[in-house]
Amino acid sequence: MYRIFQTLLIALCLFTAIPGGLRAEEGLRDLVNALGEAKLSNMDEHIAALAKTGDAKVVPVLEALGEGMLYARKADNQVFLTKESGSNLTLTDPVTGESAGEAPKAAFSKIKVNNGVRRAVRTALGSLTLLSPDRNQRLKAAQSVLQSPNADALGAIENALAAEKDAEVRALLERARATTLLISDRPVDEKKEAVQVLKQSGGREALSILSTALNSADETLRPDIEAALAGIEQTQALWAAGQNVWYGLSLGSVLLLAAIGLAITFGVMGIINMAHGEMVMLGAYTTFMVQEILRNSFPGLFDWSLAIALPLAFLVTGAVGMAMERGVIRFLYGRPLETLLATWGISLILQQSVRSIFGPTNREVGNPSWMSGAFELGGLTITWNRLWIILFALAVFAALLFLLKKTPMGLQMRAVTQNRRMASSMGIRTPWVDALTFALGSGIAGMAGVALSQIDNVSPNLGQGYIIDSFMVVVFGGVGNLWGTLVGAFSLGILNKFLEPYAGAVLGKILVLVLIILFIQKRPRGLFALKGRAVEA
Amino acid sequence: MITSFLIRSLDRTIVIAVAILLALAVLVPALNLLTSADHPLHVPTYLVSLFGKYLTYALLALALDLVWGFCGILSLGHAAFFALGGYAMGMYLMRQIGARGSYGNPLLPDFMVFLNWKELPWFWYGFDMFWFAALMVIVVPGLIAFVFGWFAFRSRVNGVYLSIITQAMTYALLLAFFRNDMGFGGNNGLTDFKDILGFNIQADGTRGALFAASALALAASLVITSGIVRSKFGKVLVALRDAESRTRFLGYRVEHMKLFAFTVSAMMAGVAGALYVPQVGIINPGEFEPGNSIEVVIWTAVGGRGTLVGPIIGAILVNGGKSIFTAAFPEFWLFALGGLFVLVTLFLPKGVVGTALQYVSRRRAYREARNHKDAGLPAAEPLAAE
Amino acid sequence: MTEKRPKNLLYLDGVSVSFDGFKALNSLSFIVEPGELRAIIGPNGAGKTTMMDIITGKTRPDEGAVFFKGDIDLTRKDEAEIAQLGIGRKFQKPTVFESHTVWDNLELALNRRRGVFATLFYRLTGEDKARIEEILSTVRLTGRRDDLAANLSHGQKQWLEIGMLLAQEPELLLVDEPVAGMTDAETAETAVLLKEIARTRSVVVVEHDMGFIRDLGVKVTCLAEGSVLAEGSIDFVSNDPKVIENYLGR
Numbered sequence: 001m002y003r004i005f006q007t008l009l010i011a012l013c014l015f016t017a018i019p020g021g022l023r024a025e026e027g028l029r030d031l032v033n034a035l036g037e038a039k040l041s042n043m044d045e046h047i048a049a050l051a052k053t054g055d056a057k058v059v060p061v062l063e064a065l066g067e068g069m070l071y072a073r074k075a076d077n078q079v080f081l082t083k084e085s086g087s088n089l090t091l092t093d094p095v096t097g098e099s100a101g102e103a104p105k106a107a108f109s110k111i112k113v114n115n116g117v118r119r120a121v122r123t124a125l126g127s128l129t130l131l132s133p134d135r136n137q138r139l140k141a142a143q144s145v146l147q148s149p150n151a152d153a154l155g156a157i158e159n160a161l162a163a164e165k166d167a168e169v170r171a172l173l174e175r176a177r178a179t180t181l182l183i184s185d186r187p188v189d190e191k192k193e194a195v196q197v198l199k200q201s202g203g204r205e206a207l208s209i210l211s212t213a214l215n216s217a218d219e220t221l222r223p224d225i226e227a228a229l230a231g232i233e234q235t236q237a238l239w240a241a242g243q244n245v246w247y248g249l250s251l252g253s254v255l256l257l258a259a260i261g262l263a264i265t266f267g268v269m270g271i272i273n274m275a276h277g278e279m280v281m282l283g284a285y286t287t288f289m290v291q292e293i294l295r296n297s298f299p300g301l302f303d304w305s306l307a308i309a310l311p312l313a314f315l316v317t318g319a320v321g322m323a324m325e326r327g328v329i330r331f332l333y334g335r336p337l338e339t340l341l342a343t344w345g346i347s348l349i350l351q352q353s354v355r356s357i358f359g360p361t362n363r364e365v366g367n368p369s370w371m372s373g374a375f376e377l378g379g380l381t382i383t384w385n386r387l388w389i390i391l392f393a394l395a396v397f398a399a400l401l402f403l404l405k406k407t408p409m410g411l412q413m414r415a416v417t418q419n420r421r422m423a424s425s426m427g428i429r430t431p432w433v434d435a436l437t438f439a440l441g442s443g444i445a446g447m448a449g450v451a452l453s454q455i456d457n458v459s460p461n462l463g464q465g466y467i468i469d470s471f472m473v474v475v476f477g478g479v480g481n482l483w484g485t486l487v488g489a490f491s492l493g494i495l496n497k498f499l500e501p502y503a504g505a506v507l508g509k510i511l512v513l514v515l516i517i518l519f520i521q522k523r524p525r526g527l528f529a530l531k532g533r534a535v536e537a
Numbered sequence: 001m002i003t004s005f006l007i008r009s010l011d012r013t014i015v016i017a018v019a020i021l022l023a024l025a026v027l028v029p030a031l032n033l034l035t036s037a038d039h040p041l042h043v044p045t046y047l048v049s050l051f052g053k054y055l056t057y058a059l060l061a062l063a064l065d066l067v068w069g070f071c072g073i074l075s076l077g078h079a080a081f082f083a084l085g086g087y088a089m090g091m092y093l094m095r096q097i098g099a100r101g102s103y104g105n106p107l108l109p110d111f112m113v114f115l116n117w118k119e120l121p122w123f124w125y126g127f128d129m130f131w132f133a134a135l136m137v138i139v140v141p142g143l144i145a146f147v148f149g150w151f152a153f154r155s156r157v158n159g160v161y162l163s164i165i166t167q168a169m170t171y172a173l174l175l176a177f178f179r180n181d182m183g184f185g186g187n188n189g190l191t192d193f194k195d196i197l198g199f200n201i202q203a204d205g206t207r208g209a210l211f212a213a214s215a216l217a218l219a220a221s222l223v224i225t226s227g228i229v230r231s232k233f234g235k236v237l238v239a240l241r242d243a244e245s246r247t248r249f250l251g252y253r254v255e256h257m258k259l260f261a262f263t264v265s266a267m268m269a270g271v272a273g274a275l276y277v278p279q280v281g282i283i284n285p286g287e288f289e290p291g292n293s294i295e296v297v298i299w300t301a302v303g304g305r306g307t308l309v310g311p312i313i314g315a316i317l318v319n320g321g322k323s324i325f326t327a328a329f330p331e332f333w334l335f336a337l338g339g340l341f342v343l344v345t346l347f348l349p350k351g352v353v354g355t356a357l358q359y360v361s362r363r364r365a366y367r368e369a370r371n372h373k374d375a376g377l378p379a380a381e382p383l384a385a386e
Numbered sequence: 001m002t003e004k005r006p007k008n009l010l011y012l013d014g015v016s017v018s019f020d021g022f023k024a025l026n027s028l029s030f031i032v033e034p035g036e037l038r039a040i041i042g043p044n045g046a047g048k049t050t051m052m053d054i055i056t057g058k059t060r061p062d063e064g065a066v067f068f069k070g071d072i073d074l075t076r077k078d079e080a081e082i083a084q085l086g087i088g089r090k091f092q093k094p095t096v097f098e099s100h101t102v103w104d105n106l107e108l109a110l111n112r113r114r115g116v117f118a119t120l121f122y123r124l125t126g127e128d129k130a131r132i133e134e135i136l137s138t139v140r141l142t143g144r145r146d147d148l149a150a151n152l153s154h155g156q157k158q159w160l161e162i163g164m165l166l167a168q169e170p171e172l173l174l175v176d177e178p179v180a181g182m183t184d185a186e187t188a189e190t191a192v193l194l195k196e197i198a199r200t201r202s203v204v205v206v207e208h209d210m211g212f213i214r215d216l217g218v219k220v221t222c223l224a225e226g227s228v229l230a231e232g233s234i235d236f237v238s239n240d241p242k243v244i245e246n247y248l249g250r
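Residue numbers (our numbering), protein chains in the order written: chain R, 1 to 537; chain C, 1 to 386; chain G, 1 to 250.
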């Protein structure tokens, strides 16, 4: 007796939140049992009736219905929640939630569901679980009512809204309420407010809700909706532009990474290194090797693979670069066109070597967990790997700038490139500085390869795709000027991404190339050119 | 005026080279057609086409030599002009197929029917006439080179900058020709040709004639190039190659000079491409690959830039080597080619012919000096006026 | 061009140019009369070479007027046009066409039509031949006519370049340090040569060698920091205290 009282009390407390929802247990039982007799065609009415009770007990019933676990006893049409155990069913009373023992399956008939029923269940559940104590549950419920609005649920939503404290859920509920309100028979003034709410929330979703609403709206509401649509479209366009800037920055960071090593070897030393792209490629393959070893021997360290690959790639490509400089390039100083040809030859050899060793196909380089996924920032979608690459590119740039401007080695490098003979007579070992500078540029290309392995196919042709672009960046930015390379990379990246929607990816790229060619005509020495007599030397 | 231009062009090397080419133009097709397959001197048809292809490459290398060897413009986009000429010829050959294509459309080439196009694009008009196509073979590359060069030379883009933007040019064209909407067959290009001027393109006789045409075109281009470089204009080219600003201060419009040489060279490359396409039976955007243009540079460098027969010999040597190499050890061809780039620039900057000429002239100078001494004459007048 | 301007051969007024903030020329004014031989001295960085760059169209001035023969605005013309107008220039470093013979160097410099087709179909006439022969003997290179310019000695290259300027038949000749690196004998001979040339045209010589300038015995302009410091005879200029402080005394 005490127990029943207690249950009743709890039920009472629960039900006071739902005005008009106070029903006798038996009434509920009738409604549930009615499911057993319902046909597929009128099932949704029964579900709606259940949902209208607002009873929390309905939730497991509807869930079971959606999953096909609701069975009716053939003998007396009693409906039970069931769980399969062999050929028997474990029964649970839908109203009391108490166990009702086991019974053979044959004595029951499954309540049939189809997609239409499942949808109705979802909607009903949405409005029902809005009051769940679990925040995630409420969030999910709010999403579900937003996705399939149902005028009947309006009351439930408003109740939930009144009780909701969590900001995110509230925001969702606000939108759900506005959406539902628009299809309900509430007065126009409230609908106008709802339109404003939706306009505030913005996004593609609001856009489609409002355009559907526009079709059925009456004359008094129409102008409001139209204005709201225009407003949303405008914000959408702004966000799209923002997203384009982001894509542009992302492409720019890739260009910057690819070009920054070239800014040293070509920009500072004046060496045309056509094998620069292959240095990037070697860096990417170093990452591949590191990941292979980690995968096979130390799988736990996989998230560290890039951190391990970075210095290794720098060393590997730096060493290759130094070998190139000592073995070939130093004999060709002052003959830029010959250097171009010889380094092109080297690039062919490097490509073919990698092809012979690793095969001509793409190799799989994985993303560590911290580089996967994306997050939302306002209307922007930002993927982690792009964000890291932008940060990495800027970090490399800053480090290089620091190295060149603030360290003795940088001073020597600049001295040698500006006046070789003078530097040499000051006691600087110019051949050594040449080799180191070239190795530095190559090493940076290798580090770029580590980053690019995360977003591009790692194949022997990887470098080929970057070489023309990176030369364009350096030439566009102005040779011998690191800042020019930075600005050049990002402006070309953004320009490219802004042309793409209008011209398509390929045509956009062609346009950019043509624009650069025209630009070089205007300013043959790039964006940030040196002027005066020094140029002639 | 023209005659003096031509006569001046014919020095001994050129006369010999032209004679060889003319002899080949007659001999190779004759040996192919008139001897039976088991005759020791018989030239099989596939070789006729292969050698014909080499000759068009040689013409392309010669064209590059005019701008690089004599004018100092290292174009990394010459294969683009070659490909443009090839496309112009390919369009003619496509139109010749007529209703014999797989879709049997009398007007539209197969790929257009496939793309569901209803009308021939305007730029395909006229290509059913050989004379028009032949004109376009020269005009289109010439025009593009002219426009490109006009911008580039006017604003004094020089040296490696020019090389890089020529590379960007061919890259842009590559991307453009890959697009189906361009109306040039997308990445499949133009192929399945049937006949040229009414002759079956596969027939031995046609192959022989195409070979002869290639040899004649090369001979004619050799004479024209030689005439150009031996004229005062050619001397100006070399002068501006070595000291551009000095040439300006002498009153020469350097940009006009370069533009003329660049345009003529592009036209020659276009002719080479036009002769290439019917002999290999296909033209596709791959010809615009920047790598192709750089390969042309190595042919010229191997043979010897700044000499006229050098690039011809270089193109034939490298491509002959490529044919043999890729058949025997395909893996290693890129190693060989890459090595060639490095070794030639390091050890043979004047190329095979240039080095040989240097050797010959040194020997001659040495012998003359000795003869003078023997005859009791003063050795070639020493530093005068000092 | 409505204002009155005297009929000077070369007229620079208020010419300024700066490179990245550095003022290479600072309101420079300078006049050369027809038939005049003028020497210019000045410390390094005084703007001597920049001035020549501006006259020959290599550099555009930021402001100021540059006129040739009274009313030809040189700031609107490029190097080739200016050269064709009759202004020749000799560089500090001898620049001749090294892979051409001495003869070809002179043939290229000869004042004939210089268009693409004119050069393509050019034929050496008897008249042109005689002219080249004459210049060869003037610059004392007759014996080396068929040698490559690359094989000439330093002094001979300087002379060849002067010969090329003669072939160009300019009305105004700008000569940048013609005797740098020459032996004393060569220097003296060059002075004679220049005086000979100046008989038929105006010459502006930039030189550091005071002895050479004394040999020339002409009006001297001293430049410093991009403007004219003093102008007059060599004795007048070399006694000017400002000149001594800025240039000679250092």
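It should be emphasised that the hints constitute simulated quantities derived from the structure, not laboratory data.
Please note: incorrect hints may appear among the correct ones.
Here are the simulated BS3-like cross-link-like pairs (lysine-lysine), alpha carbons at most 30 Å apart as the crow flies [as the list claims (entries may be wrong)]:
| # | chain 1 | residue 1 | chain 2 | residue 2 |
| --- | --- | --- | --- | --- |
| 1 | G | 93 | C | 232 |
| 2 | C | 118 | R | 509 |
| 3 | G | 23 | R | 405 |
| 4 | C | 232 | G | 77 |
Derived coverage of chain C by chain R (criterion: at least 3 residues anywhere in the stretch with Cβ under 8 Å from a Cβ of chain R; other residues may be distant) [claimed, not checked]:
| # | segment |
| --- | --- |
| 5 | 150-160 |
| 6 | 271-282 |
| 7 | 292-302 |
| 8 | 330-342 |
The beta carbon of each residue, even a glycine, is placed where N, CA and C say it ideally should be.
Quick rundown of the hints versus the structure:
no., hint, result
1, G:93 x C:232, "holds (25 Å)"
2, C:118 x R:509, "holds (29 Å)"
3, G:23 x R:405, "holds (26 Å)"
4, C:232 x G:77, "holds (25 Å)"
5, 150-160, "holds (count 9)"
6, 271-282, "violated (count 0)"
7, 292-302, "holds (count 4)"
8, 330-342, "holds (count 10)"
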